[in-house]
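Chemist: Taking the hints into account, I'd like the entire structure generated from these sequences.
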Amino acid sequence: MFRYALRRLLLTVPVLLGLSLIVFLIMSLIPGDPAQAILGSYATPENLERLRADLGLDLPLPQQYLVWLGNILQGDLGRSYALNRPVLDEVLERFGATLLLAGSSLVICILIGVAAGIVSAVRQYGWSDRVITLLVLIGISVPAFWLGMLMIMAFSVGLRWFPASGMTAAYGGGGLLDILNHLVLPAIALAVVAAGVIARLTRSNMLEVLRQDYIRTARAKGLGEGRVVMRHAFKVALVNLIPVIGVQAGFVIGGAVYIETVFQWPGIGRMLVNAISTRDLMLVQGGVLVVAASYVLFNLLADLLQHWLDPRIQA
Amino acid sequence: MSTPLLDIRGLTRTFGGGRRWFGPDRAGVHAVQGINLDVARGDTLGIVGESGCGKSTLARLLVGLDTPSGGTIHYAGDDLQQLRAQDRHALARRIQYVFQDPLSSLNPRKRIRDILAAPLRYLRGLEGQALEYRLGELMEVVNLRPEFIARYPHEFSGGQAQRIGIARALAADPELLVLDEPVSALDVSIQAQVLQLLRRLKAEFDLTYLFISHDLSVVETISNRIAVMYFGRLIEQAPTRQLFHAPAHPYTRVLLDSAPIPGGPPIKAEEGEAELPDPLSPPPGCAFAPRCPRAQDDCRHTVPPLDNLVAGKDHLAACFHPIEGPWQRIATQSAQER
Amino acid sequence: MMTFITLIARNRLAAFGGVMLLLIVLLVLITPWLPLADPNITETANRLMPPLSDGHPLGTDALGRDILSRLLWGTRISLAVGVAASLVAALIGSMIGIVAGYFGGRTDNTLMRGIDMLMAFPYILLALAIVAVLGPGLMNALYAIAIVNIPFFARNIRGVTVGIAHREFIDAARLSGKGNLRILASEILPNVLPVIVITMSTTVGWMILETAGLSFLGLGAQPPQADLGSMLGEGRKMMLNAPHVATVPGLMIFLVVMSINLLGDGIRDALDPRLKSGALSRPAPFTRIRRRHKPLPDPTNDDALLSVENLQTDFEVGHDTYQAVNGVSFAIQPNECLGLVGESGSGKSVTALSLLGLVASPPGVITDGRVALAGRDLLDLPHGDIRRLRGRDVSYVFQDPLATLHPLFRVGDQLVEAIRQHQPMSRADARTRAVSLLGQVRIPNPAHRAEQYPHELSGGMRQRVGIAMALANDPQLIIADEPTTALDVTVQAQILALIQNLRREKGTAVLFITHDFGVVSQICDRVAVMYAGRIVEIGPTKTILETPRHPYTRRLIDCVPRLGEPDNEPVAIPGLPPAADALPEGCAFAERCDLAEDACRQGNIELIATDTDRQVRCIKPLGIPTPSPQGVTR
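Respectively, the protein sequence lines represent chains A, B and C. The opening position of the first sequence corresponds to residue 0 in numbering that gives the first Met the number 0, with each subsequent residue numbered one higher. The opening position of the second sequence corresponds to residue 0 in numbering that gives the first Met the number 0, with each subsequent residue numbered one higher. The opening position of the third sequence corresponds to residue 0 in numbering that gives the first Met the number 0, with each subsequent residue numbered one higher.
For the record, the hints were derived by calculation from the structure and aren't laboratory data. Some clues are possibly wrong.
[Said to hold, decoys possible] A partial selection of chain B residues facing chain C, derived with a Cβ cut-off under 7 Å:
1. L64
2. S68
3. P118
4. L122
5. D186
6. G262
7. E269
8. A294
9. Q295
Please read all numbers here as calculations on a predicted model, not as lab measurements. For every residue, glycine included, the Cβ atom is placed at its ideal position computed from N, Cα and C.
Modeler: Right, here's the structure in full:
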């Protein structure tokens, strides 16, 4: 297990490098001159030249990449010209908020999705299966940003149960309860789609597993149906679901972009959208890089978990 | 003796192996190792062995579905790999293959007509009338009703599907048929039908068969020579009657002793573990030595070569201490672990 | 194609989705000719009019533009962009997937590493980065969404292609002289196409959502052009004072996506043959029992350990009924080994599984008969009682030990579970017992083996574990369903010897299901020969093998090549067994029997006693001059 973990960890290095290369290439593909963009159209040619040298833009592309990579490894993601502060500081600050939102959302959608999927599979074609199937269908068809707006109209404006925007109250906020209070609506709105997908896949996986010969063996041993479903069938289904959950985590992080916009959540998604509209490319680049890298690490964890649960996977 | 149709020398196929980015290098697995084998024109050579002995790999090497890691195969004097390099259809026109699983060897989304027409078109260049005529002929040869030709594979039973598989192989007009467990997936009553058909076709079209099976009794009824494989090597080879009369290799005897015969005497079960050695770290000597009751020190150090038991007699065995005398199952002993 | 449409139409939800989608598509197709206001004409005087206003059925937006008109035009754009994006993604992704999957090796590695790299980005993030580079705009959003979805198609299609490329019919095509291109086009593609269609139909909706999302963020359609997403984005700003501006386009997106998803599910189900055969349904823990009447016990079986009387098990698939077991009766005495022999489809395994209700249901239903264990009718017992019998009084050994042992539990733990289910025992004691069981089935080094997983054992060892599990609670009867069929002969010999020994030591009775007369003659005291769901002959093994009474038994024995008798050529039986959904009247074997006469094809032919301990289902049993017509029938 330890050796496998080490191997997988080493194998993520090329992935992270590739990731950085893609981000770098995308950003260097941008038409126009970044120096010009930063200094504006009234800049003198000398100033432009100086800034280009500062930014390393006069070097050949591979060398630019190496310099850029070296800076990143030292924690230097550049400066956001719109905010006039180091990209890393801004990204880390925003990333915490996104992590809280996406993390709680992921927990919600896994719990609800898996539970609904199991119930749906065990009661196949039954009453609860039909209801869950319908809810799942609605869940995966509804635009999350629209759902968020509806929830604001219903629960914030109408019923006044939860605040409509932000992460903390403007005055005297910041306590744990306050944050949780702000978290409820966006976390649920964000969880709906992924919960639907997870429920669907849990159901089909469970049905697949329940048909296997070893389930018949378990029944032939005289085991109760609860044990057969929850221990024998679910363990295999779970192993198959872990990669699905990994992919869904990506969707949840991505979906956070919309939800953060709708709920004015001070996360990295909203930061990226703003940065794109203001063409603050350093910030876009840094944000994408950090989120993607942490997503890679998350998938590494999922992979290790799967390996731990399934002895058949060989290193 | 004229040149044999197939002349196999030192044939070896290794799977896997090689370096890894992280961690130790992988060891290769010898699926087939140092096989020497002649097949005369008109022969039916049976190849017998249990799972993992390399018999299917051998078959795939012969028809060009796989490439040897070492050794040579000559077909009527020509090197097979050269033949393939010159013309990729050359091999398929001479050697054809019948698969074990009749249904999975037929594309579920194609009609029988398309399946049978492919070799006629691409290997024999037939078109139009000639093609139609030949299609009808093929269906007749394997006893299938002509109207079946418009159907899809899933509409057929296992036995019928296997006959389509045989017709597909015959379409190329080959001289040698490699039959890889052609009846193992079939019920006995259907198995007998297919065996009968194969026997008739061989006489009718002057074919040479390489018949691969795990079932000794099936091989016995159809082959005139038998080669026994164990762990990637040939360990015994003899004319069928000779082999069943006096099997010399202890493994061949174990095989014969284990096969149950309806109404026959009780089988003898091997003592100890009937396990194959670990393919990743094979024993240095005879692969059967760990299971062999007759094994001595020399068996554990050197691989015994496949040699004539008695000079001039057509019976080869790879054993330092072959068993002599006729084989017969001891009828008084009951099937039990002693 | 027609059947495909009928299948979808039969699925009510899918049909609903299809009709709704059709309506929406029709509506947006004729939009240019509808008497609608120009979607882009601003009229600040009429801004934010509520729905149902005069001349503006859905009201107006912040610039006084007609929402209905904008909605239809927007839907038009959203649909077009979503469909275009998924076509692009499907085309490129599928091509990458097919090439990678078919050629494998280095091609596969290079392509899939690239795809993995794209997958390493959280979905929308990559689209955002691409839009950031290309700049906001509808076309750019389309490209971004398409690119982001390529990995999804590539991976899916590659997986399917790998599965197909390793099938034997690809080898067969190669041997038929087809080159790589021909194989890709004519062998692989037709088999992959349904998967591409399924993947597309399940992703179009998703892609429409995502493009709408980008527009919502202001990164897609740019004003004055509007798609549903950008309308929603504009509406968000006046969410509180004019909620209809945002609600209407949101609802439209929801309807479009849901109808596409409904239809997509229908397409998936219609293209998946497993759903039709009921193979996707969950087997219930107990076979359904629907007996027409409760049979009375047969007094002749009083001393039997297990007696089965007139057992009937059907498979109900759609409107067809397959009679898998069609009136089977037999009895097993304590410590006896009864063989149940037959070819595939004869109903022998279904008989074995019916005894403790383990036939998958749906589609299996036990429709008649009695299964009595020591006098108790098992088909009458509540489920809880049957469960307590399973594995304690009667246990099973199945055919393929790799598929029948749980892959994720250590074999020791699986044994412990079997023991503790029926015996109150501490975990440690059960563990000791498990190890001793493994020793009893002659597994060397049992304590070590108990710690291993099934995939780490050889086939023979796994089957020994299966037998150990069956022995865990010292059952009275073991039902062994082809326990040696998947094994090599040398291993089979050992397993047979093991079963014989255990029988002798423990006095267990065995019901041994097999297709192999050789195995039967090694191990069974008595044998029952099955054909088309019925027992055609039953009696002591030795006498049946020497003087079979039923022509089928005779012919079946003659089919088997006999080792050491190369001149004894097996004689084939012409024809095929009858289909289980169209069993003929009279004797099911009559079609293939060369002794059949008219009487064989009429009425119900009963099992008759020919000798003291033998019965045969034939009106002209072999070797009996004239059977007494009033022979003991049952």
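Chemist: Would you mind marking each hint as holding or not holding in the structure?
Modeler: Cross-check of the supplied hints:
1. L64: holds (5 Å)
2. S68: violated (16 Å)
3. P118: holds (4 Å)
4. L122: holds (4 Å)
5. D186: holds (4 Å)
6. G262: holds (4 Å)
7. E269: Because about 6 Å separates B:E269 from the closest Cβ in chain C, which is inside the 7 Å limit, the hint holds.
8. A294: violated (16 Å)
9. Q295: For B:Q295, the interface hint is violated, since the closest Cβ of chain C sits about 22 Å away, which is over 7 Å.
The earlier numbered hints that this structure contradicts are 2, 8, 9.
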